[in-house]
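*Asks:* Each chain, written out:
2 protein chains.
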Amino acid sequence: MTTYTAPLKDMQFLLHDVLEVTSSDVPGYSDLDAGFTSAVLDEAAKLAQDVLAPLNAVGDQEGCKLENGIVRTPTGFKAAFDQMREGGWTALDCDPEYGGQGLPYLMSSAVGEVFVSANMAFNMYQGLTHGAYSAIHAHGTAEQKAKYLPKMVTCEWTGTMNLTEPHCGTDLGMMRTKAEPQADGSYLITGQKIFISAGDHDMADNIIHLVLAKAPGGGEGTKGISLFIVPKFLVNDDGTPGARNAVSVGKVEEKMGIHGNATCVLNYDGAKGWLLGDLHKGMRAMFTMMNEARLGVGLQGYAVAEAAYQNSLAYAKDRLQGRAVTGAENPKGPADPLIVHPDIRRNLMDQKSFVEGARALTFWGASLIDRAHHGDAAADGLIGLLTPVIKGFQTDKGFDMAVQAQQIWGGHGYIEEQGMSQFVRDARIAQIYEGANGVQALDLVGRKLAADGGKHVMAFFELIKAECKAHDGDDRMKAFTEPLKTASKQLQAAGMFFMQNGMKNPNAALSGSYDFMHLMGHVCLGLMWTRMAKAAYLALDAGGGDMGFLETKIATGRYYMARQLPACAMHLARIESGADPVMALAAEAF
Amino acid sequence: MTTYTAPLKDMQFLLHDVLEVTSSDVPGYSDLDAGFTSAVLDEAAKLAQDVLAPLNAVGDQEGCKLENGIVRTPTGFKAAFDQMREGGWTALDCDPEYGGQGLPYLMSSAVGEVFVSANMAFNMYQGLTHGAYSAIHAHGTAEQKAKYLPKMVTCEWTGTMNLTEPHCGTDLGMMRTKAEPQADGSYLITGQKIFISAGDHDMADNIIHLVLAKAPGGGEGTKGISLFIVPKFLVNDDGTPGARNAVSVGKVEEKMGIHGNATCVLNYDGAKGWLLGDLHKGMRAMFTMMNEARLGVGLQGYAVAEAAYQNSLAYAKDRLQGRAVTGAENPKGPADPLIVHPDIRRNLMDQKSFVEGARALTFWGASLIDRAHHGDAAADGLIGLLTPVIKGFQTDKGFDMAVQAQQIWGGHGYIEEQGMSQFVRDARIAQIYEGANGVQALDLVGRKLAADGGKHVMAFFELIKAECKAHDGDDRMKAFTEPLKTASKQLQAAGMFFMQNGMKNPNAALSGSYDFMHLMGHVCLGLMWTRMAKAAYLALDAGGGDMGFLETKIATGRYYMARQLPACAMHLARIESGADPVMALAAEAF
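Quick mapping for you: the protein sequence lines, in order, are chains A and B.
The first sequence: position 411 = 1077 (our numbering), numbered continuously.
The second sequence: position 59 = 725 (our numbering), numbered continuously.
Only chain A is shown next, with the shape it has when bound in the complex:
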């Protein structure tokens, strides 16, 4: 059995020492004083630790079952979902006009991390609902918003996103699901959608499916795609769920992980739907939510790694095996704890320095989204640039770290009842869904770098330069600023290589896209560690803080800079080897 304790001290440090939320100019942030954020996070931690975490293994073992057309969630999920609803946790950053609490996205991200760490599969039911809520909130008519949003804010009704079909995932232009317009303004939706997370279940009174489909007259490819609201139960005039719509569950998939979430094949057989947003502009409507959805998946990457880390650390402290090479540290015991061994330390420090760095990047990203929500175009551009990095890099590394956590348990980590395998199996999906990580790299190099004339990536480099400059007189910071400068130069060199070679041969850029995503991920975490170190030094200088915590923070950051940033040179070397090694073979030669 694994356990989980919310990292509240680290979250408070990020909110108040690093992001300095109360003195920030983001609307709403001035209310986030330490007492308030602590109260919110404490309550979230209780729900996560006491209710959600104990259900994590239950969800994995029982999975979701399709019985007579109805999907049954694992034992205890429904009661836990009720508790989540009743605590108002589904409404945190929702619009007060529809019953939301109007808190910043940053706060809902922090709370989200805690819930995901405790039980990733469970939290997806509300996560998907929030995505659908956002789409209706952004693109719905006043009537649609009034009809659906209040119930979705409370998760009395949940939501889904229907994009993928059996023959197309990334390439949605090949979509076959059809929408036929009816005289009453509605549409009849026909087609099959697959991989629909939270696609059906027994925990809500209704499920609001958002479905991409082709309506007549839109032309070829993605241009012809529109977005539709297709409720599981048609909604009566009084707002109650009425007749069953013509959408049914074809199958619940048997997956490698996230067994607690029902991944469904949904069959639409002339189901009644209503256009959401503009006709034939469905892809655009979807894309407006993409940053948040992808940031949410990037959060899953490190949140699962956090839970795995905690359990590997506990094992490393508890399990007695071998003796420290520098002399016994537990001489009265039969052996020393694993944590004395340098290679176990290396493993733990890899995990710890990644998770804390990724948390900082995600919180910063969430604050950029809050700025963007309030019309800050620069923040919007910057988070657009960072999103594929946060999603791709953090889910790759999050998975790797879950694997490393499992490794510390040795053979016991391979046994399912110990729970370490579940972290690995669950974390794996985050590299795949919401745009597979190769697609994130393509988005980054093929679109985001050049977006708005390269303005956002230039701003990113300026920001790093300014950060380094700000610490110029502080010798303690050299262990951070020097590696960061080097890594930033390597990232710039990679960008330059793409500019010089990508025009002649786009493959020269795209062959290096994955390495660029990882190189930029390390630069981002290097920047975060520089900021965190500075904040920790300032707090230490001021006195009165938790000295142990602050010194540990600095040492953890030094590890990241010394041990992880050397990966940047490797990624640059790979990028600069260009397209030739990658594209040398004809497809038939493989």
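The hints are all genuine.
Note that the list lumps identical chains together, so a pair holds whenever it fits in one copy or between two copies.
Distance condition first, Cα-Cα at most 20 Å in a straight line; then the derived EDC-like pairs of lysine to aspartate or glutamate:
hint	residue 1	residue 2
1	LYS947	GLU846
2	LYS998	GLU886
3	LYS983	ASP837
4	LYS998	ASP837
5	LYS889	GLU831
6	LYS1170	GLU995
These are computed hints drawn from the structure, not numbers from a lab.
Based on the hints, put chain B in the right spot on chain A.
*Replies:* Relative to chain A, chain B alone:
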């Protein structure tokens, strides 16, 4: 459903063009002409492709079940095991005196790869038997050999290795299982052993457990440990299985993967056992088989990756999604196949260049074992040095490559029925068992580097120097020799860092042990690719060979040198950062 085709052409290339077996001076190799090896491998391929591979998913889905004290293997396993036995496949490199075929270990490795790729969990039943066979062959009395070996060569009786107990795996000094000497010269064995692969099953008439236990008078720690033969059924004087011994199955573990193999808790309640080898020298007896056992696990690392690669390649050629950035390559179809995309190519080339390089390293390692078996001390020292690299590096990369193969399948790769998840889950155990990879790194840096005054690592560097020198006049080889020289210098620099710092502070060496293992792994594969490229150029120059195969081989090698060897500088930088970042925190500070 996944498929598998044995890579016979590549195996023949390695045996005949690279290792040039028939002109080698290893006893027995002169018989291995191309016709013979092709005949053997063809037949192995048929069994693997037609019988073992179709049972791979069956084994994963059904697993092994403990019913009334008896372990039931998955449907079809018993019949397949009979076929394997009847074909003589269990006896390939066994001693003809006991019914074996006396082929070199190299041949049984090549055949082993084919079987492991097809069905890793299934092949473990014979793999463990072979390990137990080797132990009895090396350390048994004439009587013991006559009693057990003929039945184990045919796998009528299978074998197991019993080391781990609940509270100790790596640190066997804490072992609690006791052996009490009896008047008749036998011992009564009492204790619990866990993680016993192939620990019990319904496919053999008897199971010969080799059990480490403490007999009186041996002193503390590993010094007190002896090795015992404990048959499941006591053997009658006429050689038939008789009364049931006091060993029972406590549990069959539910694992992340290799479900087709029964991983058992075995309870010894005064079971009758007989000493194998010298009293209190059990650890030494175990260690004599270690190189082979670990080489076998290193083989699993790339063999599973080979199977995963084949299925990711098939999908990349078949699945239509998106268009090549340089213009449609399948203009009449709705989209281009995945393989046109540079990032998919990068992924496939990573896999292909690793698998072929690891196969070369493993075959070379097997040939060193053959030399060592014939008394070549230099070969014995070299394979001792290479073994932790082959085991640790190849299983880490093999797992990573299985993950990459799964990634090409996108969401479909996460669905169990497609089979890609099984490769990942199966491959994971190879990083853990037979000495977790952190222990391999410790063995490499803490023992093997300095063994015999550093003689073997010096020989390894000399060998690389000679290899590079041999190609001095050949400009085509520069793409191989230049990166290999650089990487080799980096490896030497890492060794130098350990020598200069490890004496003062052993943590300085051990903090870099894992990186050293990977750095050396890349150098080894760089060496292999240099040899393979040279062999391919020679064959091309000679004309008459399969030009497409040879040119693909060279291009694949160039990819490895250009894209993978840059990792060496990263590992060196990490190593040279020393112990400080790794050991900075007190255990309580985590």
